[in-house]
Amino acid sequence: VSSTFAKALVREGADGIIIFDPAASPSVMPEKLFNQFEAELVKIIFSAVKDINQDVLTWYSVAGPLQNNLSIITSVSAEITTVDYPTPMKTMIDYMGYTVVNGNIKPGMFLEGSEDDIYREARELLKTTEETKRFILGSGCEIPLFSKKENIKALFLAVMDEHHEKDNLS
806 VSSTFAKALV
816 REGADGIIIF
826 DPAASPSVMP
836 EKLFNQFEAE
846 LVKIIFSAVK
856 DINQDVLTWY
866 SVAGPLQNNL
876 SIITSVSAEI
886 TTVDYPTPMK
896 TMIDYMGYTV
906 VNGNIKPGMF
916 LEGSEDDIYR
926 EARELLKTTE
936 ETKRFILGSG
946 CEIPLFSKKE
956 NIKALFLAVM
966 DEHHEKDNLS
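Residue numbering for the sequence shown follows the working numbering, starting at 806 and increasing by one per position.
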């Protein structure tokens, strides 16, 4: 069903396919089971959409800590992988291979944290990832419904400030 739906989306003009797969979390599914049952199915879906349109972006999102099964990142052949906040970004950078990593501000911070919390966390992630061009700053999962607008703006402000500072150094 997932493959049929993904292919239909691409045929109708989708620019990308994202699979949110919380069950793939090592907190839920042991590595052996993931490799036996899940990884190949995800690869089949991504391969099927690439057969239709090579330019379609493939994006995989896994919840929970990945430190105990980093092979998730490379085994599904996604171009972008979202990692959740329990996974240290430095660990991801060291292991990411060819994939672009997205993440990983704790989603609850957008609801319960302050602008300063988001800004500080975002700047820290940008500093941690400054040596790679394969990073997209974002939430570790999704930005929750009813998040504070000010907190979302703080995320963008951190990026703008980072770019402004780099431009001034050039």
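Quick caveat, the hints were computed from the structure, so don't treat them as lab data. Treat each hint with caution, since some may be false.
The calculated lysine-lysine pairs, modelled on DSSO-like cross-linking and capped at a C-alpha distance of 27 Å, are [said to hold, decoys possible]:
hint: 1; residue 1: Lys895; residue 2: Lys812
hint: 2; residue 1: Lys938; residue 2: Lys971
hint: 3; residue 1: Lys855; residue 2: Lys911
hint: 4; residue 1: Lys855; residue 2: Lys971
hint: 5; residue 1: Lys911; residue 2: Lys958
hint: 6; residue 1: Lys971; residue 2: Lys932
hint: 7; residue 1: Lys954; residue 2: Lys911
hint: 8; residue 1: Lys911; residue 2: Lys895
hint: 9; residue 1: Lys895; residue 2: Lys932
hint: 10; residue 1: Lys954; residue 2: Lys932
hint: 11; residue 1: Lys954; residue 2: Lys848
hint: 12; residue 1: Lys848; residue 2: Lys895
hint: 13; residue 1: Lys812; residue 2: Lys855
hint: 14; residue 1: Lys932; residue 2: Lys953
Distance windows between CB atoms, simulated [stated by the list, open to error]:
hint: 15; residue 1: Leu916; residue 2: Asn840; range: 32 to 40 Å
hint: 16; residue 1: Val833; residue 2: Asn858; range: 27 to 35 Å
hint: 17; residue 1: Leu838; residue 2: Pro891; range: 39 to 47 Å
hint: 18; residue 1: Glu947; residue 2: Leu846; range: 31 to 39 Å
We treat Cβ as the ideally placed atom computed from N, Cα and C, and that holds for glycine.
These are the hints, each one checked on the structure:
A C-alpha spacing of about 34 Å is found between Lys895 and Lys812, which places the hinted pair above 27 Å, so the restraint is violated. About 14 Å separates the Cα atoms of Lys938 and Lys971, which keeps this hinted pair within 27 Å; it holds. Of the supplied pair hints, the one linking Lys855 and Lys911 is violated, its CA atoms being roughly 31 Å apart against a limit of 27 Å. Among the hinted pairs, Lys855 with Lys971 is inconsistent with the structure: their alpha-carbon atoms are about 36 Å apart, more than 27 Å.
Between the alpha carbons of Lys911 and Lys958 the distance comes to roughly 16 Å, so the proposed pair stays at or under 27 Å and holds. For the proposed pair Lys971 and Lys932, the alpha carbon gap of about 12 Å is at most 27 Å, so the pair holds. For the hint pairing Lys954 with Lys911, the CA-to-CA distance comes to about 16 Å; that is within 27 Å, so the pair holds. Our distance criterion of 27 Å between C-alpha atoms is met by Lys911 and Lys895, whose separation comes to about 16 Å.
Between Lys895 and Lys932, the direct Cα distance comes to roughly 10 Å. Compliance with the 27 Å bound is thereby established for this hinted pair. Restraint check for Lys954 and Lys932: the C-alpha separation of about 24 Å stays at or below 27 Å, so the hint holds. Distance hint between Lys954 and Lys848 is unfulfilled; the C-alpha atoms sit about 36 Å from each other, more than 27 Å. For the suggested pair Lys848 and Lys895, the alpha carbons sit about 25 Å apart, so the restraint of at most 27 Å is met.
Only pairs whose Cα atoms come within 27 Å are accepted, and Lys812 paired with Lys855 is accepted, the gap being roughly 9 Å. A hinted pair counts as satisfied when its Cα atoms are at most 27 Å apart, and Lys932 with Lys953 qualifies at roughly 24 Å. Judged by the Cβ atoms, the range 32 to 40 Å given for Leu916 and Asn840 holds: they are separated by roughly 34 Å. Taken as a hint, the range 27 to 35 Å holds for the pair Val833 and Asn858, whose Cβ atoms sit roughly 32 Å apart.
For the pair Leu838 and Pro891, the beta carbons lie near 20 Å from each other, so the given range of 39 to 47 Å is not met. A hinted range of 31 to 39 Å is violated for the C-beta pair Glu947 and Leu846, which are about 22 Å apart.
Taken one by one, the earlier hints fail for this structure at numbers 1, 3, 4, 11, 17 and 18, listed in ascending order.
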